[in-house]
Amino acid sequence: MRAIIQRVTEASCVVEGVTTGSINSGFLVLLGIEDADTTEDLEWLSQKIVNMRIFADENDLMNKSLSDIDGNILLISQFTLFAATKKGNRPGFTRAARPDKAIPLYEEMIRKLSALLQKEIQTGIFGADMKISLLNDGPVTIMIDTKNKE
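In this text, residue positions in the sequence shown follow full-length UniProt numbering: the first is 1, and each later residue adds one.
By construction, these hints were calculated from the structure, which means they are not laboratory data. For each residue, glycine too, the CB sits at the ideal point set by N, CA and C. Some hints could be false.
[Said to hold, decoys possible] Here are the computed lysine-lysine pairs in the BS3-like style, where the Cα-Cα straight-line distance is at most 25 Å: (1) Lys64 to Lys119; (2) Lys131 to Lys101; (3) Lys149 to Lys64; (4) Lys112 to Lys48; (5) Lys101 to Lys112; (6) Lys87 to Lys147; (7) Lys149 to Lys48; (8) Lys147 to Lys112; (9) Lys147 to Lys86; (10) Lys64 to Lys131; (11) Lys86 to Lys149; (12) Lys147 to Lys101; (13) Lys119 to Lys131; (14) Lys147 to Lys48; (15) Lys64 to Lys101; (16) Lys48 to Lys64; (17) Lys48 to Lys101; (18) Lys87 to Lys112; (19) Lys48 to Lys119.
[Said to hold, decoys possible] Distance ranges between label pairs, derived from CB positions: (20) Ser65 to Lys101: 27 to 33 Å; (21) Leu135 to Asp70: 14 to 20 Å; (22) Lys131 to Phe93: 30 to 36 Å.
With the hints as extra help, turn the sequences into a complete structure.
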């Protein structure tokens, strides 16, 4: 799994003119799922997301997590995080999981993040043409890959 985590002061997702998810302070998480992903990847990544300390403390240092600030998550499925760009100018997406594998993992990630934060997670719609708006705070943007745990 790959996740792009953006610290935001606000973010929203609109599908066909209807807002499907909207948050104030927290994380916009773009989530890519590949065929090789398992529930172990999901467990590890969900813990990383919830416990990531990238919010300012009283000394203006990045020491606080989502829980510490009562932050929110807007989770968006994004298969393009597995774009292959080595050959040519048109990316390939063969590493991205097909919907029959990706949807159950995406839905499980929603449940897991919700349970860890003890609140509802806002989302987009899997496979839809989504319009994402955000106000990146910092900017702070972090990429995590469960197959390359740096």
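Going down the list of hints, with the structure as the test:
1. Lys64 to Lys119: Within the cut-off at roughly 18 Å; holds.
2. Lys131 to Lys101: holds (24 Å)
3. Lys149 to Lys64: holds (21 Å)
4. Lys112 to Lys48: holds (12 Å)
5. Lys101 to Lys112: Between Lys101 and Lys112 the Cα gap is close to 17 Å, so the pair holds against 25 Å.
6. Lys87 to Lys147: Status holds; Cα separation ~22 Å.
7. Lys149 to Lys48: holds (11 Å)
8. Lys147 to Lys112: The hint holds at about 20 Å.
9. Lys147 to Lys86: This hinted pair holds, its Cα atoms lying about 19 Å apart.
10. Lys64 to Lys131: violated (29 Å)
11. Lys86 to Lys149: Measuring from Cα to Cα gives roughly 22 Å; hence the hint holds.
12. Lys147 to Lys101: Answer holds: Lys147 to Lys101 is near 17 Å, not above 25 Å.
13. Lys119 to Lys131: holds (24 Å)
14. Lys147 to Lys48: holds (14 Å)
15. Lys64 to Lys101: violated (34 Å)
16. Lys48 to Lys64: Distance ~13 Å between Lys48 and Lys64 Cα, so the pair holds.
17. Lys48 to Lys101: holds (22 Å)
18. Lys87 to Lys112: The hint is violated at about 37 Å.
19. Lys48 to Lys119: holds (17 Å)
20. Ser65 to Lys101: 27 to 33 Å: holds (30 Å)
21. Leu135 to Asp70: 14 to 20 Å: holds (18 Å)
22. Lys131 to Phe93: 30 to 36 Å: Given range 30 to 36 Å: violated, Cβ gap about 20 Å.
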